[in-house]
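Q: Below are the chains, spelled out letter by letter.
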Amino acid sequence: MLRAVTHFQKQLGRCIQAALYALLSLSFTAGAAEFSLNIADIVAPDFSARGITLTLPEDGSADLRIAELHVQQRGLRNVSLHCASFALSTASLSCHGGSLAQLPGMALEFDYRFATASWQVSAKLRNVPGKQLAIFLPATMPLPTQGKLSGMLRISGEASGVAAVDADIQMAEVGFSDASGLHAAEKLRGTVKLAAARKGALWNWQGNIAWQSGELFWQPLYLRGDHRISASGSLDGARLKVEQAIVDLPEAGRVQFATLWDMKQGALAECTAHGDNLALDKLFSDYIKPFLDKGALAESHLYGRADVDWRYRNGATQSLRLALRDAGIADVEQRFALLGVNSEIDWQAAAPRTANIIFAGGALLGVPLGSGQWTVEMRGMDFGVAQGVLPVLDGRLELRDFRLHHKEAAWRWEFAASLSQISMEQFSQAAGWPKMLGTLAGSIPRVSYDGGAINVDGALLFNVFDGTVAATQLKLADPFGRAPHLSGNLTMRELDLDLLTRTFSFGNMQGRIDVDVNNLELQGWQPARFDARLSSSAGNYPRKISQKAVQNISALGGAGAAAAIQRSYLRFFENFGYDRIGWSCKLRNGVCAMGGVDNGNGGAYAIVKGGGIPAITVMGYNRSVSWDELVTRLKRVTQGNMQAVVK
Amino acid sequence: MNAMLKFIVAIVALTAALNVFAAADLEVNTPGVNAIKQSMQARHAQLAGHYTSGAVGLTADGLIALRDAGAVPLAQRQAVNALVAAENNDRNALYAEIANANNHPEWQAEIRSTFAQRWIQRAQPGWWVQSGGGWVRK
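Just so you know, the protein sequences line up as chains A and C, in that order. Quick note, the working numbering runs 29 ahead of the 1-based positions in the first sequence. Quick note, the working numbering runs 149 ahead of the 1-based positions in the second sequence.
None of these hints come from the bench; they were simulated from the model. Please read all numbers here as calculations on a predicted model, not as lab measurements. Fair warning: there could be bad hints in the mix.
To be verified - Straight-line Cα separation of at most 20 Å, SDA-like style, residue types lysine to any residue; simulated pairs:
| # | chain 1 | residue 1 | chain 2 | residue 2 |
| --- | --- | --- | --- | --- |
| 1 | A | 464 | A | 663 |
| 2 | C | 186 | A | 557 |
| 3 | A | 270 | A | 236 |
| 4 | A | 216 | C | 180 |
| 5 | A | 270 | A | 290 |
| 6 | A | 216 | C | 224 |
| 7 | C | 186 | A | 508 |
| 8 | C | 186 | A | 554 |
| 9 | A | 153 | A | 223 |
| 10 | A | 177 | A | 165 |
| 11 | A | 318 | C | 230 |
| 12 | A | 318 | C | 224 |
| 13 | A | 504 | C | 180 |
| 14 | A | 216 | C | 225 |
| 15 | A | 318 | C | 235 |
| 16 | C | 186 | C | 282 |
| 17 | A | 216 | A | 174 |
| 18 | A | 615 | A | 660 |
| 19 | C | 186 | A | 618 |
| 20 | A | 222 | A | 152 |
| 21 | A | 222 | A | 181 |
With the rest of the complex left out, here is chain A:
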């Protein structure tokens, strides 16, 4: 046996540009005509190989074995490369018909020229299981879990490193996932092509992905196949530039974009995007909605088509041009919809612009809205409508001084409005309420939202049931949260009892009442607290109460109370006269503390005080009742389940 020790540091050092400690031992077995070369260690940053043996049989082939290979903190044991044809001369080293025991299905070739230190590695893949490639990839990126890869990969370089990469890979049923499962794919089928070349420190690249089928989840996006992208650009150490990219989004349309990505900051430095005739519903639901936080917009559908042109620079949108064609928005819970919107919006961050928005109609809380045209003044993130008309059923809402602006990370808005002559009958039907009579008209002095609460300045005035309703100190905190909190006072004057009782089928009453609800607090739209008082209005007007209404009022006091009337002579009359009606409820902790016309004496209090002929006085005996119980009784009464029995 002959043993020789040589140092190859010079040449191999040029090849991997790193610290290399090589100790070679050559063993030459004379009888078997086999030449074997042992290299102890090769150590470089991100790369180390130990226990390297190169065996050269007589037939011109070669076998390279590496006992332990570490690439980017991943370890491989017993790597075994076989070259069908191996040539080593003073000028070059080459391997043809190479194969790796770890990757069946991959044919390798490589070539190294000592004089220029240029090298080239190429691999042909034929149904290589993706999972076996995982060991060559950094553990931090999503790793292949299933499927097969075919195609070609060629990498070449010289002393200064990799100079060109060329890849054309077909994926079949490929899956991958990162450790968190938030970046994963299954059953991908398609082609990836990439050509990249380096000049100095700058890479120029162009690529092309035709993704036919399979599914991808890249948090928060979930996409299915049929996407195509072709792009070209450059890459230096700090920035990734996409000079031009064309993306075909299934059922949404084609988008062209160019971007500059700052890799050090991990942020978008510049972007322009353009798309013509894009289908808004698919574009929004698949590509925009997943990025939105829970909110009204995140629970909406978009409709129609649009041309979009977006320019982004210096961390903000610089301009957005939107040409909307029969576009629309509707929230999932049918609270709000605006449809048939046509407009050319040319928004600029730094210059004032005006947009005319024409809309065909819409709906608000089930109430249909008519068509209109609004002129929107845009000054950056400040939008204003000086005057706008919104047809509501047979009347209209006139909006004044509407302003929407973005300040301190929140959208704020305010407006004043007046509502004219809307038929209450149509309005209540559309809103799904009991059929009410009369007209709805009112004025809204100023409503504002400061990012946390909606405030109404002044009094919100409405004309309903032939009387007036004024709401003051209205405040709605956390309006879009889990439990909106409403507070305020209601003052109702001279409501027509006839219209009111007919609406709620309570049994006819005639007269007028005033209602005050002070210190009202609703939490999650449920009453939590109020001081309510209902009493006959001052003045002269007919005061009549029907037998049925008397029974219903009595029934509110609890079962059995109504029976008393049926036993008395009063059951012979259909209507009674009264002098005053009065009832109060102080709600605290779910219990209503009740009172009547006056405080009464003892436990009893009068709710209806008799007067005229025949007169009737209805007494209440319960001073406190659970609010839920009272509401249940009221529902039972108004639903007519409690029929008055007149014998």
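Since the structure of chain A is already known, use the hints to place chain C on it.
A: Same frame as chain A, now just chain C:
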């Protein structure tokens, strides 16, 4: 001696604080608390399967977390993410609301940790819960 006195004062103060917190009514009933509980109850049916599969687990700070996204089909992963986020919003709101309803907003942290223990105690066998910084299967 001075140190001893300080120690005694500290112990007394601590015990007093615990006693004060012990008075918190965790079952307090306000429309706000009810609304949150109803919302959580409605969501529970959607989450239960994910607790069982191990995709979602109960954390030590009274919230829930996606612990094994791989247990959820790709198409539903974002929906589960959203469920977890919505549930955590509700849980945070619940602790704040109960503290407010007790007229002691500063009790929120203690209320949260009491609830955290409760959720974990009541978790069904097979669910994953956070314990000592790691996940364990009950």
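Q: A separate judgement is required for each hint: does it hold in the structure or not?
A: Going down the list of hints, with the structure as the test:
Between the alpha carbons of residue 464(A) and residue 663(A) the distance comes to roughly 17 Å, so the proposed pair stays at or under 20 Å and holds. Of the supplied pair hints, the one linking residue 186(C) and residue 557(A) holds, its CA atoms being roughly 16 Å apart against a limit of 20 Å. For the hint pairing residue 270(A) with residue 236(A), the CA-to-CA distance comes to about 13 Å; that is within 20 Å, so the pair holds. For the suggested pair residue 216(A) and residue 180(C), the alpha carbons sit about 49 Å apart, so the restraint of at most 20 Å is broken.
The suggested pairing of residue 270(A) with residue 290(A) holds, with an alpha-carbon distance near 6 Å, which does not exceed 20 Å. In summary, the hint linking residue 216(A) to residue 224(C) is supported, as the alpha carbons are separated by about 13 Å, within the 20 Å threshold. About 18 Å separates the Cα atoms of residue 186(C) and residue 508(A), which keeps this hinted pair within 20 Å; it holds. A hinted pair counts as satisfied when its Cα atoms are at most 20 Å apart, and residue 186(C) with residue 554(A) qualifies at roughly 15 Å.
Annotation: proposed proximity of residue 153(A) to residue 223(A) holds, straight-line Cα distance about 15 Å (limit 20 Å). Proximity of residue 177(A) to residue 165(A) is assessed by CA-CA distance (about 16 Å); at most 20 Å being required, the pair is judged to hold. For the hint pairing residue 318(A) with residue 230(C), the CA-to-CA distance comes to about 14 Å; that is within 20 Å, so the pair holds. With a CA separation close to 15 Å, the supplied pair residue 318(A) and residue 224(C) stays within the 20 Å bound.
Restraint check for residue 504(A) and residue 180(C): the C-alpha separation of about 17 Å stays at or below 20 Å, so the hint holds. Among the hinted pairs, residue 216(A) with residue 225(C) is consistent with the structure: their alpha-carbon atoms are about 16 Å apart, no more than 20 Å. Pair hint residue 318(A) plus residue 235(C) holds up; C-alpha atoms about 16 Å apart against a cutoff of 20 Å. The hinted pair formed by residue 186(C) and residue 282(C) fails the criterion: a straight-line CA distance of about 28 Å is larger than 20 Å.
A distance of roughly 10 Å separates the Cα atoms of residue 216(A) and residue 174(A); the hinted pair therefore holds under the 20 Å criterion. Distance restraint check for residue 615(A) and residue 660(A): the Cα-Cα separation of roughly 14 Å lies within the 20 Å cut-off, and the hinted pair is therefore satisfied. Restraint check for residue 186(C) and residue 618(A): the C-alpha separation of about 18 Å stays at or below 20 Å, so the hint holds. Between the alpha carbons of residue 222(A) and residue 152(A) the distance comes to roughly 15 Å, so the proposed pair stays at or under 20 Å and holds.
For the given pair, residue 222(A) sits about 10 Å from residue 181(A) by alpha-carbon distance, which is consistent with the 20 Å threshold.
In the structure shown, a violation is registered for the earlier hints numbered 4 and 16, in ascending order.
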